[in-house]
Amino acid sequence: MILKATELKKDFPRSGKSSNFFTAVQPVDLTVSSGEMTVITGKSGSGKSTLLNMLSGMLQPTSGKVTLDETDIYSLDEKTRALLRNEKTGLIPQGNTALLSLSVLENVLLPFVLYHKEEPPAARAKELLDKVGIAELMNEKPGELSGGEFRRMAVARALLMNPGILFADEPTAGLDSENTEAVLSLLRKAADSGAAVLLVTHEDDAAKYADRILTMDGGRLFDTGR
Amino acid sequence: MISLKNLPFKNLKGYSGRTAALIFFSALMSVAIFGGSLIIAGVRQGLNTVEARLGADIMVTPESAKNDFDAQTVLLQAEPGYFYMEKSKVDEIAKVDGVDLISPQVFMASTKAGCCSARLQMIAYDPATDFTIQPWIADTYTNGDMGLMDVVVGSDVTVYKDRTISFYDNDCHIVGQFDPTGSTLDSCVYMNFDTVKKLIDSSFVKGMNLYSEYDPDDVVSAVMVRVKPGADIEEVAANIQKQVSGVTTATSRNMVSGIGESLSRVAGTVGILIAAFGLVGILMTVLVFVMMINERKGEFEALKAVGADRKLMSGIVAKEAVMVNLAGGIIGIALSGMILIMFRSLFETLLGAGFVIPGPGVIALMAAAALLAVMVSAAVSSFAAVRRIGGKSL
Ligand SMILES: Nc1ncnc2c1ncn2[C@@H]1O[C@H](COP(=O)(O)OP(=O)(O)O)[C@@H](O)[C@H]1O
Ligand SMILES: [Mg+2]
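Residue numbers (the working numbering), protein chains in the order written: chain A, 1 to 226; chain B, 227 to 620.
Pulled out of the complex, with its shape left as it was, chain A reads as follows (with noise of 0.2 Å):
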């Protein structure tokens, strides 16, 4: 799976300022392939975010084309694009995101349940909370987890529909180092399974488990030159 991003460009509306807006990502150009792994650094602010989201197909951009494979995600219609975002996409976001009232398992089956009539794969569910090491807590509800649980579960719920790219927007804020590295490897498992991996963070740690590192800054993308 070829995830592809040309010229991509986003403005946000700025308000009481002479201009009218103001440029949170400046034109990118960015290819991702199947079985690697590309971290993107970088402060605060610097537009990691607004560019995973446009390229995870969540946000709109102002200009520019996101391609996955050969479809270009921004020509479908919203509903269209949404589906090919759950049967071809992974997304961790960034915060502990969850539904409340569900128990972890139901929480990890939440993208099989979208979009399907047909009993949801409880069996690979488990399997993932299995492998992210959460198994016995399947059937507490996520306000009961730590950070690190919560993080694990939302990695699980990413890799349920068996994404051909995997997004990661600040996995590991706010975990102690061994919830980091233990969700860092997990990424790295998927990259080497053969997903596409793109995760975005403000720390260094992910540099050694990465293919490829890139930095914003100030809305501008460039190349460490690994």
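Just so you know, these hints were derived from the structure itself, not from any lab. Where hints are given, some of them may not hold.
Okay, derived cross-link-like pairs now, PhoX-like style, lysine-lysine, Cα gap no bigger than 25 Å in a straight line [unchecked claim]:
1. Lys313/B to Lys468/B
2. Lys4/A to Lys65/A
3. Lys141/A to Lys313/B
4. Lys545/B to Lys141/A
5. Lys141/A to Lys231/B
6. Lys88/A to Lys231/B
7. Lys141/A to Lys523/B
8. Lys231/B to Lys126/A
9. Lys79/A to Lys537/B
10. Lys131/A to Lys141/A
11. Lys117/A to Lys537/B
12. Lys545/B to Lys523/B
13. Lys4/A to Lys79/A
14. Lys131/A to Lys208/A
15. Lys239/B to Lys141/A
16. Lys88/A to Lys537/B
17. Lys79/A to Lys239/B
18. Lys141/A to Lys4/A
19. Lys126/A to Lys313/B
20. Lys79/A to Lys468/B
21. Lys313/B to Lys79/A
22. Lys126/A to Lys88/A
23. Lys117/A to Lys239/B
24. Lys239/B to Lys537/B
25. Lys131/A to Lys189/A
26. Lys126/A to Lys141/A
27. Lys117/A to Lys231/B
28. Lys126/A to Lys239/B
Listing some non-contacts, in silico: residues in chain A with all C-beta distances to chain B over 12 Å [claimed, not checked]:
29. Leu30
30. Arg85
31. Asp130
32. Gly194
33. Asp204
34. Ile213
Which stretches of chain B does chain A cover? Using the computed rule of at least three CB atoms under 8 Å from a CB of chain A, they are [unchecked claim]:
35. 239 to 250
36. 257 to 266
37. 520 to 528
38. 535 to 545
Everything numeric in this text was worked out from a predicted model, so none of it was measured. Glycine is no exception: its CB is placed at the ideal position from the N, C-alpha and C atoms.
Using the hints provided, position chain B with the ligands relative to the given structure of chain A.
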């Protein structure tokens, strides 16, 4: 197991405190709308029927009756009235300026002991001139004619299988029964002059009539007056009192207005309460929903992350709103219905005469309207909530 279908329910169950609050507010809303409109409709229906059944602008009664009787008493309270004046007064009244139609009536009280099936007020009309009672009978029964010993009874009068009711050893045939008015009219028995004459004769025979000095052919109890179009009712009433000796008048306004005013005050208060409760209900529902969206930001982020579009998320929120408001609405309707049935007599005392619980059709309509209102608030609150989700990226 989890599915998209049961997701809204699971969400509601997971946030049981918030769900309870939402159900409470929508129940409050439906109690206000359903219970309140039930009371208003009951009052209005009662008043309208009393007024319509009265049918006259002015009721003229003998002055002697004034002390122990006033028009409201006979019409709207429990004690049957019992008094007569000379028939010659009818012609005198007819001559007064502004009088259009007149028709005499004879009232007679039955006593339960000895003579009669029940203690009831009998109202007899003159078929030749009557304009107040016959239209009602005609409205209720295609054939408005009543023969000798035929009676129509108010809603509180018990009608037995054989459809007869006996007064002073005379069996009368019940040809029909009126709808309730919530007033003493409900325990009246209506008949024509020929019938009442026969009953009065019988009461003399039985020695049960205090007014034995009157010849039943020469007396009436009251004269119903309709004024000419455009004439001032109060003025005509004053003229009658001035020009005809020994009579007193009551106008339809002061007959019904005593209760009418206090009832419309009640209805007004209830109306304001309905509006207030309804508004609080809607506001709180919208508020709770919007707050909920902020509180559940992480939940919608999760849904978005796994590939939900705005429509799917809106659907979940809307279903939650509908479920919660439907539950609240039904609880509210059941509750107000129960309260109304349980405290029916208390309401009737509180509101005085003229309160009638509306028929099942009207009640069903109001229940539907109350449900519609809570549904509208569900729609409004989920719309407001979804707007907040939609505002964030995607
Ligand atoms: N929805 C938005 N509306 C306006 N400005 C935004 C929005 N999202 C992000 N920004 C701005 O864009 C810049 C980049 O933000 P972001 O991509 O979140 O940075 P990072 O993830 O690197 O911390 C910041 O200045 C931020 O304030
Ligand atoms: Mg960020």
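(request) Find the hints from earlier in the document that the structure breaks and name them by number, from lowest to highest. (result) 3, 17, 18, 19, 20, 21, 30 and 36
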